[in-house]
Amino acid sequence: MRFVALSVSAIVTIALIVVLNIQLPVGGSKTPRLGEFLSPQHGCWQNAEPFNKNFNASLKFPGLKGNVKVYFDERLVPHIYADEESDAYFVQGYLHAKFRLWQMEFQTHAAAGRLSEILGAKSGDKNFVNIDRFFRRSGMVYGAEKSLQELEANPTIKKQADAYTAGVNAYIKDLPANQRPLEYKILDYAPEPWTNLKTALFLKYMAWELAGKGDNDFEMTNAKNIFSSVDIEKLYPVFQDSVDPIVPRGTLYAAASNVVSPPAGADSSYFSAKDSIDPIINIKPDINNGSNNWAVSGMKTKSGSPILCNDPHLGLNMPSLWYEMQISTPGNNCYGATFPGAPAVIIGFNDSCAWGVTNAGRDVKDYYEIKCKDSTMQQYWYNGQWVTSTFRNDTIKIKGQADMIDHVAMTVFGPIIYDHTFANKLNDHKYYAVRWKAHDASNEILTFYKLDRAKNYNDYLNAISTFQCPGQNFIFASKSGDIAIRQQGEFPAKWYRQGDFVMEGQDSNYQWQGYIPQAENPIMLNPERGFVSSANQVPTDATYPYYMGGSFPPYRGMIINRKLTALNNITVENMMDMQTDNYNIFAEYGRKVLLKYLDESKLGNAELNYLDTLKNWDLKNDIDQLGPTIFKVWWDQMELATWGDEFARSKLPLKWPDESTLLESLMKDSSYKFADDIRTPGIETIGDIALLSFKEAVLKLSQLKKDNKLEWGAYKETGTRHLLSIPAFSRLNLPIGGGDHIINATKKDHGPSWRMIVSLTENIDAYAVYPGGQSGNPGSKYYDTFVDTWAAGKYYKVLFMNRDNAETTDSMKWTMTFVKG
Amino acid sequence: MKFISSLLLTALLSFAGALFFPWWIIAVAAFVVAILIPLKSGYSFIAGFVALFLLWGLQAFFIDTANHHILSEKVARLLPLGGSFIALILLSAFIGGLVAGMAALTGSFARKISS
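From first to last, the protein sequence lines stand for chains A and B.
Each residue of the first sequence is one higher than the one before, starting from 1 at the first, in my numbering.
Each residue of the second sequence is one higher than the one before, starting from 822 at the first, in my numbering.
Since the hints were made in silico from the structure, they are not lab data.
Bear in mind the structure is a predicted one, so any value in this text is a computation, not a measurement.
Hints are not guaranteed to be accurate.
Claimed, not checked - Per the computed footprint, the stretches of chain B lying under chain A, defined by three or more beta-carbons under 8 Å from a beta-carbon of chain A, are: (1) 822-832; (2) 835-845; (3) 878-890; (4) 910-919.
All C-beta atoms, glycine included, are put in the ideal place defined by N, C-alpha and C.
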């Protein structure tokens with residue numbers, strides 16, 4: 001009897017421990033290991049940071065050369081003062097790891113195609129193995145490996161990158177398991193050592209985010225099946241009539257020094273060649289990735305000194321992509337937004353000047369159809385003969401399953417991304433290779449290292465001249481009074497529409513024929529109008545002698561230039577108002593054109609009510625307004641009525657035309673071919689579909705009203721979402737206006753990820769805010785400190801002090817000292 | 822007296838053990854204490870349960886209070902416990918108590934067989 005009791009009791013106890021010691025599957029995902037997770041000395045409780053935590057510390061590391069002091073201000077922004085440059089980067093790495101380790105590693109795991117290793121093969125509707133294969137087959141790791149060699153070939157940058165990596169690893173090495181960030185405990189894995197390759201991977205990930213915008217080659221190719229080349233020009237125009245380019249219209253450009261022309265026979269083998277492609281998975285960066293930047297010269301400011309502003313629009317994630325810090329060494333003092341995962345300040349300012357970036361959005365990712373001899377892909381046809389492929393054999397580790405080996409054939413064009421093992425859904429045994437600028441060796445850190453130290457315009461030009469990918473509009477302003485902007489990147493010299501569609505990959509004819517010489521990139525220095533600006537619009541007018549490809553939303557650029565032209569005696573407050581401005585210039589034109597075509601006599605009372613609200617709207621996308629929702633819903637219905645019928649002819653992925661395409665067409669022509677619903681016997685006019693779409697819109701709006709989602713803020717639902725999409729770790733339903741085509745480009749999960757205003761007066765006067773917090777720990781009060789300030793359109797004044805002032809000021813709350821030992 | 826000693830010793834060994842070993846060291850602690858200090862089986866269970874219920878519950882409570890519930894309310898939405906920090910503290914305490922109680926019960930049965 002006693003044995004029975006003992007046995008039962010022992011079995012129950014052991015079973016209980018085992019169950020609590022493993023991850024349990026629940027509803028498609030897995031729980032943490034609950035025993036450990038709930039143990040106050042091991043689990044999540046250890047991540048509950050005391051509200052009044054003291055961040056003072058004195059630390060010793062043998063790798064340091066001298067002493068480093070770090071002062072943290074009350075926002076937990078570190079101000080690093082190092083005697084030696086490499087020590088500064090060691091400490092930068094250490095602090096990135098201390099406050100953001102999980103995100104650094106997670107983002108680089110994503111870039112390296114290693115998500116299945118930590119998340120398993122699938123979760124919900126996400127197939128991580130396919131996602132991993134997609135990133136690897138895109139050539140992300142291949143490009144990062146090449147960039148790593150380039151980075152390490154530069155002794156200065158190698159030294160800083162090594163110091164950064166050593167700093168990250170110094171933190172990881174001393175990190176007890178119970179102090180690991182919460183996400184490691186939830187997913188049950190451990191951090192691994194940082195490497196310079198991870199830094200390179202992170203930068204390639206940013207290249208993917210930003211230099212994948214023109215990536216519609218498959219969709220455009222499919223469009224050729226249902227649209228004539230004349231229609232394609234109409235649906236996907238290369239230039240918009242209304243655009244106000246970065247470099248103003250009328251600027252003269254020298255003839256192209258690298259003249260390229262389409263291959264003979266391109267009309268039949270490219271422009272009118274038909275193909276149908278539906279890839280297994282084609283992950284694209286957010287279409288909204290963009291940004292604003294502008295700099296006004298001293299002649300337009302109240303202080304007489306230039307002011308530079310920048311707000312990069314990226315995914316609104318928690319922890320934030322950005323980490324704010326100051327890095328000061330005897331030769332240099334700079335401040336700004338840094339990337340956890342990379343050394344240096346990326347967007348910011350120093351004692352002499354300030355800089356910022358917006359995305360160029362040019363197409364540097366093209367696809368080629370490859371003719372393989374057979375399904376082994378050992379040989380492919382190139383320039384009239386069979387050429388032998390090389391292979392990358394990638395081992396994909398999958399949590400809880402056997403490894404998977406992925407064979408990727410490499411061609412002269414690039415990796416074969418889609419083949420019979422990673423197929424076109426149409427299963428037609430075709431092979432597509434991708435050529436992406438990010439495949440090439442490049443050293444982006446060098447640019448930021450030099451910008452951090454730039455003293456004047458020439459230093460700025462020199463710093464950015466080696467920057468290749470992702471192409472950016474680098475803006476600049478200096479205390480000495482210069483303002484400048486240049487679209488920088490290594491851009492392929494393309495013939496008209498080269499790479500807009502999938503190209504033939506059987507010879508060198510369709511390959512990129514060299515690059516646009518750096519000196520021919522669009523640039524502007526101290527223009528008479530007193531400002532430079534960019535907002536992802538096309539960089540030049542149509543007289544620029546190269547084809548650019550890509551995607552260039554015009555409207556933010558128009559409103560920025562309109563406002564900057566009108567403003568004089570500009571103050572920092574003016575710039576804050578402008579960066580957070582909710583005026584909808586797209587609706588200014590769009591409402592006018594929709595109302596012009598709408599026959600109001602055919603509307604009922606309920607419809608007229610909505611119409612009145614729309615007419616009386618002041619065109620501001622503020623959170624409590626109904627006008628923006630009415631306009632948006634009507635516009636979307638109008639697009640559907642215009643194009644829905646034609647696009648329904650194909651089940652393949654297609655590119656929906658840009659909003660500017662419909663607007664400009666309606667402004668130009670009173671009879672628009674696509675207005676007709678081809679499914680009906682009659683011929684519909686613009687007026688017919690304007691009425692129809694308004695009636696449809698009112699039905700939708702009535703439903704929104706019932707759901708309490710008619711007000712713009714409620715309709716838009718802006719939030720900053722945790723990287724694992726855990727709602728409890730996200731900040732949802734934030735009260736912030738703005739939206740598409742608006743300077744305050746805040747959408748559902750996307751928007752100004754860092755707002756910065758720098759007045760280049762004698763003592764630099766700078767303001768910044770980002771939607772996140774300095775700590776990546778959801779259990780810290782510093783996790784989301786800035787979110788409400790950001791949503792309210794407010795800023796923090798930046799503390800930018802030299803070492804002596806930092807030591808004596810009472811604005812600094814904590815001190816960390818790092819000494820050699 | 823033996824009950825109180827069992828309870829305190831289990832809590833102490835669990836706390837010290839957790840500094841060096843995984844969370845399930847609490848089961849070892851409760852088991853060993855139940856072997857060392859003779860109690861009726863039911864009392865052994867209660868001593869182990871209460872020891873860890875209090876140890877884990879109080880630790881969680883103090884950590885949570887210092888943290889102003891920032892973490893617990895988030896984790897209590899994730900698990901899901903309706904965002905209640907009290908529920909998360911009680912769940913932690915209960916899990917600790919149950920494991921230690923069962924281990925203590927097993928220890929007490931083992932002691933009876935060997936004696």
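We went through each hint and held it up to the structure:
no. : hint    : in the structure
1   : 822-832 : violated (count 0)
2   : 835-845 : holds (count 6)
3   : 878-890 : holds (count 7)
4   : 910-919 : holds (count 5)
Against the hints set out earlier in the document, a violation occurs for number 1 only.
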